[in-house]
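First to last, the protein sequences are chains A and F.
Take the first sequence: its position 54, counting from 1, is numbered 54 in the UniProt record's numbering, and each next residue is one higher.
Take the second sequence: its position 100, counting from 1, is numbered 100 in the UniProt record's numbering, and each next residue is one higher.
Careful: at least some of the hints might be erroneous.
[What the hints assert, rightly or not] Covered, in the sense of this in silico footprint (three residues per stretch, anywhere, with C-beta under 8 Å from a C-beta of chain A), are these stretches of chain F:
no.	stretch
1	9-16
2	19-30
3	92-103
4	107-115
For the record, the hints were derived by calculation from the structure and aren't laboratory data.
Cβ atoms here follow ideal geometry from the backbone N, Cα and C, with glycine treated the same way.
There are 2 protein chains.
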Amino acid sequence: MTGRLDPLFSRTLPEGDTHQRDVCDHCGFVAYENPKIVVGSVVTHRGKVLLCRRAIEPRHGYWTVPAGYLELGETPEEGARREAREEANADLELHGLLAVYTVRRLSQVQLIYRATLADGVFSPGIESLETQLFDWDAIPWDDLAFPTVHWMLGHQRAFEAGKGVGPFGNPVGAD
Amino acid sequence: MTGRLDPLFSRTLPEGDTHQRDVCDHCGFVAYENPKIVVGSVVTHRGKVLLCRRAIEPRHGYWTVPAGYLELGETPEEGARREAREEANADLELHGLLAVYTVRRLSQVQLIYRATLADGVFSPGIESLETQLFDWDAIPWDDLAFPTVHWMLGHQRAFEAGKGVGPFGNPVGAD
Chain A
1 MTGRLDPLFS
11 RTLPEGDTHQ
21 RDVCDHCGFV
31 AYENPKIVVG
41 SVVTHRGKVL
51 LCRRAIEPRH
61 GYWTVPAGYL
71 ELGETPEEGA
81 RREAREEANA
91 DLELHGLLAV
101 YTVRRLSQVQ
111 LIYRATLADG
121 VFSPGIESLE
131 TQLFDWDAIP
141 WDDLAFPTVH
151 WMLGHQRAFE
161 AGKGVGPFGN
171 PVGAD
Chain F
1 MTGRLDPLFS
11 RTLPEGDTHQ
21 RDVCDHCGFV
31 AYENPKIVVG
41 SVVTHRGKVL
51 LCRRAIEPRH
61 GYWTVPAGYL
71 ELGETPEEGA
81 RREAREEANA
91 DLELHGLLAV
101 YTVRRLSQVQ
111 LIYRATLADG
121 VFSPGIESLE
131 TQLFDWDAIP
141 WDDLAFPTVH
151 WMLGHQRAFE
161 AGKGVGPFGN
171 PVGAD
């Protein structure tokens, strides 16, 4: 226990601001809260797509793509490559932005890249139970972890079919 | 002054994590810090581009495009339109993502849209000293507020010249 004051936040509209913020009554410090950036990639290899079965909550046991929160000082591309190393021990080549999604409820913006395996090598990282290349017809659609995984796999298919170059956005009416 | 404990943060690597975090010695709370999202737009109208002269720091008095931090619960497109209303009293039509930049030093990811004025109307908002439509040859290049404003105006020119559809990224070597 120190002699310092605790911060004492009140919800208020700072002068000239457009949104209410938590402002400290003692010192006027404004505690801004900001949306978070998720970076990830749809990784393909010889016509198949790489999925990871989650070893962590939320959605333990369900399938997803390599993705996670962007870290301070990273570019989105660096973050997408780091997540693939962490979750699938995979080195990626990135080929452009497939999609920008907003998950409004979570204040998340997702930047999803098209990628291929640099050398064909992958295996489960510490956050994955298993990693597997799936033919499109064999994708476990009912066991995907998140709605955005459905969206990005559909948009990857659209891209491959020449139905748009991206970046795609949220499906109409979905956020 | 209350009877609560102050948070007592130590810089440490939480189990299973890949980055050091500020973790509270009392309760184990992990204070994640995340990159911030800036949203903005290059707004054109009849071949001219809309710039705003900043009435706020940093870079008071210098010219920029309508842009600012994305708020909780907003889509990037909504944020870009809000910033144009706040800074230039302008309603926008958005036409796609022009660029995704990373300002590594500030842990900022910028999502910049191509836009036009919905009705040709604009005027200085509270954060702007003046707002003006510039011919390309008349842009005050030496008085632009930030390097990214140079980048996005260059990329808008490249787009208009058919030299790429975007989203463009940082110029090579610049972050």
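Among the hints numbered above, which are violated by the structure, and what are their numbers in rising order?
1, 2
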